[in-house]
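Chains as they are written, first to last, in the UniProt record's numbering: chain F, 1 to 260; chain X, 1 to 260; chain Z, 1 to 260.
Each hint should be verified, as a subset may be incorrect.
Now the stretches of chain X that chain Z is said to cover, found in silico as 3 or more residues with beta-carbon under 8 angstroms [claimed, not checked]:
(1) 74-80
(2) 102-115
Residues of chain F placed beyond 10 angstroms of chain Z at every Cβ, according to the derived structure [said to hold, decoys possible]:
(3) K5
(4) K181
(5) P233
(6) V235
Bear in mind the hints are in silico, worked out from the structure with no lab data behind them.
All residues carry an ideal CB built from backbone N, CA and C; glycine is no exception.
What follows is each chain in one-letter form.
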Amino acid sequence: MFEAKLQQAGTLKKILDAIKELLTEATFDCTDSGIQLQAMDNSHVSLVSLNLRADGFETYRCDRNVSMGMNLTSLGKILKCCSADDVVTMKAQDAADIVTFVFEASNQERVSDFDMKLMNLDQEHLGIPETDYACVVKMPSAEFARVIRDLSQFGESITFSCSKAGVKFSSTGDIGTGNVKVAQSSSVDSKDATTIELQEPVTLTFASRYLGLFAKASGLSERVQLSMSPEVPLVVEFKINDIGYVRYYLAPKIEDDDGN
Amino acid sequence: MFEAKLQQAGTLKKILDAIKELLTEATFDCTDSGIQLQAMDNSHVSLVSLNLRADGFETYRCDRNVSMGMNLTSLGKILKCCSADDVVTMKAQDAADIVTFVFEASNQERVSDFDMKLMNLDQEHLGIPETDYACVVKMPSAEFARVIRDLSQFGESITFSCSKAGVKFSSTGDIGTGNVKVAQSSSVDSKDATTIELQEPVTLTFASRYLGLFAKASGLSERVQLSMSPEVPLVVEFKINDIGYVRYYLAPKIEDDDGN
Amino acid sequence: MFEAKLQQAGTLKKILDAIKELLTEATFDCTDSGIQLQAMDNSHVSLVSLNLRADGFETYRCDRNVSMGMNLTSLGKILKCCSADDVVTMKAQDAADIVTFVFEASNQERVSDFDMKLMNLDQEHLGIPETDYACVVKMPSAEFARVIRDLSQFGESITFSCSKAGVKFSSTGDIGTGNVKVAQSSSVDSKDATTIELQEPVTLTFASRYLGLFAKASGLSERVQLSMSPEVPLVVEFKINDIGYVRYYLAPKIEDDDGN
Numbered sequence: 001m002f003e004a005k006l007q008q009a010g011t012l013k014k015i016l017d018a019i020k021e022l023l024t025e026a027t028f029d030c031t032d033s034g035i036q037l038q039a040m041d042n043s044h045v046s047l048v049s050l051n052l053r054a055d056g057f058e059t060y061r062c063d064r065n066v067s068m069g070m071n072l073t074s075l076g077k078i079l080k081c082c083s084a085d086d087v088v089t090m091k092a093q094d095a096a097d098i099v100t101f102v103f104e105a106s107n108q109e110r111v112s113d114f115d116m117k118l119m120n121l122d123q124e125h126l127g128i129p130e131t132d133y134a135c136v137v138k139m140p141s142a143e144f145a146r147v148i149r150d151l152s153q154f155g156e157s158i159t160f161s162c163s164k165a166g167v168k169f170s171s172t173g174d175i176g177t178g179n180v181k182v183a184q185s186s187s188v189d190s191k192d193a194t195t196i197e198l199q200e201p202v203t204l205t206f207a208s209r210y211l212g213l214f215a216k217a218s219g220l221s222e223r224v225q226l227s228m229s230p231e232v233p234l235v236v237e238f239k240i241n242d243i244g245y246v247r248y249y250l251a252p253k254i255e256d257d258d259g260n
Numbered sequence: 001m002f003e004a005k006l007q008q009a010g011t012l013k014k015i016l017d018a019i020k021e022l023l024t025e026a027t028f029d030c031t032d033s034g035i036q037l038q039a040m041d042n043s044h045v046s047l048v049s050l051n052l053r054a055d056g057f058e059t060y061r062c063d064r065n066v067s068m069g070m071n072l073t074s075l076g077k078i079l080k081c082c083s084a085d086d087v088v089t090m091k092a093q094d095a096a097d098i099v100t101f102v103f104e105a106s107n108q109e110r111v112s113d114f115d116m117k118l119m120n121l122d123q124e125h126l127g128i129p130e131t132d133y134a135c136v137v138k139m140p141s142a143e144f145a146r147v148i149r150d151l152s153q154f155g156e157s158i159t160f161s162c163s164k165a166g167v168k169f170s171s172t173g174d175i176g177t178g179n180v181k182v183a184q185s186s187s188v189d190s191k192d193a194t195t196i197e198l199q200e201p202v203t204l205t206f207a208s209r210y211l212g213l214f215a216k217a218s219g220l221s222e223r224v225q226l227s228m229s230p231e232v233p234l235v236v237e238f239k240i241n242d243i244g245y246v247r248y249y250l251a252p253k254i255e256d257d258d259g260n
Numbered sequence: 001m002f003e004a005k006l007q008q009a010g011t012l013k014k015i016l017d018a019i020k021e022l023l024t025e026a027t028f029d030c031t032d033s034g035i036q037l038q039a040m041d042n043s044h045v046s047l048v049s050l051n052l053r054a055d056g057f058e059t060y061r062c063d064r065n066v067s068m069g070m071n072l073t074s075l076g077k078i079l080k081c082c083s084a085d086d087v088v089t090m091k092a093q094d095a096a097d098i099v100t101f102v103f104e105a106s107n108q109e110r111v112s113d114f115d116m117k118l119m120n121l122d123q124e125h126l127g128i129p130e131t132d133y134a135c136v137v138k139m140p141s142a143e144f145a146r147v148i149r150d151l152s153q154f155g156e157s158i159t160f161s162c163s164k165a166g167v168k169f170s171s172t173g174d175i176g177t178g179n180v181k182v183a184q185s186s187s188v189d190s191k192d193a194t195t196i197e198l199q200e201p202v203t204l205t206f207a208s209r210y211l212g213l214f215a216k217a218s219g220l221s222e223r224v225q226l227s228m229s230p231e232v233p234l235v236v237e238f239k240i241n242d243i244g245y246v247r248y249y250l251a252p253k254i255e256d257d258d259g260n
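This is chain F alone, in the form it adopts within the complex:
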């Protein structure tokens, strides 16, 4: 039997927003340590890794490991039926082909339950090596989302250039070139601060489209962390309040010899 209770159904809504444009279906692996999801996006370009720790839930019980394959469009319809501040409980019997979501309104006069059919999905678990990154940038997630949205208008790629002074995001296309420079903040304590831990300057180029999809997770956290090293996938991480994180991995574009 699996049963997990979360105080704020809104967290589930935001998690779905963070993955639903990358994945149409996904398997949530539930163990006694928590819930994990790991999957390549539909085009097999980027990797999504979601981790929700058991201790982050109000109550959590998982007698046997369960893998729940869900259609994310169906999940979206069910999550539309709850308010952000409903209490939500997810339940499944061992070896069940159904997961149940129970939503309780804060005034307790409305209780809804939704049964969703589960799917068997192929899964391949990818080992993600722990890496020491040459550069780690922490910045407001809204600022990150905005820079990506703005520059995506210009070109299919965005170049991240990190130095002690700050990060420069650049994109070039038919209509011209855009550069957005975000300076390292003088005060590092504010939640609006941009901070940079730098072993060496890094310049990497990524596909605008995927960066834009990662930025959909901005609702989950006020802060985003970008970890970069030469020739290694970028990691974009959003913490999920007290319970876990979602991370996206995206390989940099390799420039041709002639610089194109």
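Based on these hints, arrange chains X and Z on the given structure of chain F.
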């Protein structure tokens, strides 16, 4: 000569919102007791009944009975031209083929008048028998609209099950099953209360699509009243502040012998 | 070298909103007295005239006259990248084929620059004779926009009838006729006042579509000025706070002998 004046043009806008997706054209019957509209929806499945009492208007005069057939799309264009707090006057000469709407802004610097051509529409008046219902539910109209919207995502039908404890709304479809239980409120005085007057428990199933169209009337009133008896059409009633009501009638679905 | 700095990038955004549906491309003529744009709309029916005085900018320098032909869709993409309260600087070298926009966020932690390719556009400068108008109406621009939007639903033309008492806007079409009467205000000092300077009563008819496009400039100014004389183009003018104006010219429709 017919002339009726209403302090708040917004009431007319909301009445139109409540019927315009069910009816493309409608005849407003004006007598010295008020204005009435009764019509089957475009697909001849549900019945709409609107009643505006003469004494609910600021001023009201109707020398001879007039039947004004209106195209509701045209009426919508005219009502877009007034503000919710404009004073509105409707006027027609006896046997006229035109109705005039006059809108006066509260600051009195803008006065607009719109002449709309009337239409001759076929009409059949249906006797609606007064019935004693087995179950009458009163609940917040926003809550009703929300339940219908949520469950309409799942299936083409929604089942209403009423008992002393509360009302359960259910729907089943390809992705699974949803149940929303609204409990009878302990305090019945609040405008957010759900109250149930029950002669006998009732379980009836209705087409989601029509329930969704009725719920468009939620803007008219904070409360909705659902009256149900076995094998008899559901009545969904929204009071219109001090002036009348709009009621919708919808026959329950008959289940096949095999339960489908 | 050309360089002009504006405290509020929002002003540029609103100017673009005021012209982008009339023009797809436009030439901004920069001289030491300021920036001017004059162009027939895409269908060669109306004329747009924009004037931004050098002294209205925070700093302004123009060593040699420059004509900058811009694609307004591209300009729109660039202006999407700034906040309304960013400081914006436009720069171009003499005889350059590129213009640079620099946006500085008020917290100074983000600086963006965008290079846009310029275009060579054919230009014909039209002499606009200074005229003494028979009637000049000043009214709130939001009210003007609203009247035009409302009446555009009815017919392709809107008739403006100006007298001492006020202005009547009228339109007739398939569904009927609409008249909106805006009275001259008793108090003329309020920014909501409608005032009329009248040499002689004027009645003129204009194409709804173009009036609607001019009304897009309402964001630029709380007030609009309509100048009319018989058989002469209407002038619709919106002041741009302390820096200039945008004016639209539209010839009245000529009625046929039989009144159609």
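(message) The output says K5 (chain F) does not contact chain Z. Does that hold with a beta carbon cutoff of 10 angstroms?
(response) holds (41 angstroms)
(message) Minimum C-beta separation from P233 (chain F) to chain Z exceeding 10 angstroms: can you confirm that?
(response) Given that every Cβ of chain Z is farther than 10 angstroms from that of P233 (chain F), nearest at about 26 angstroms, it holds.
(message) The output says V235 (chain F) does not contact chain Z. Does that hold with a beta carbon cutoff of 10 angstroms?
(response) The assertion about V235 (chain F) holds, with a minimum of 23 angstroms to chain Z.
(message) Minimum C-beta separation from K181 (chain F) to chain Z exceeding 10 angstroms: can you confirm that?
(response) The claim breaks: K181 (chain F) does not keep its Cβ more than 10 angstroms from every Cβ of chain Z (closest is about 5 angstroms).
(message) For the region 74-80 of chain X, count the residues whose Cβ lies under 8 angstroms from any Cβ of chain Z; is that count three or more?
(response) Result for this restraint: holds, n = 4.
(request) With a C-beta cutoff of 8 angstroms, work out whether three or more residues of the region 102-115 of chain X approach chain Z closely enough for the coverage to hold. (result) holds (count 9)
Taken one by one, the earlier hints fail for this structure only at number 4.
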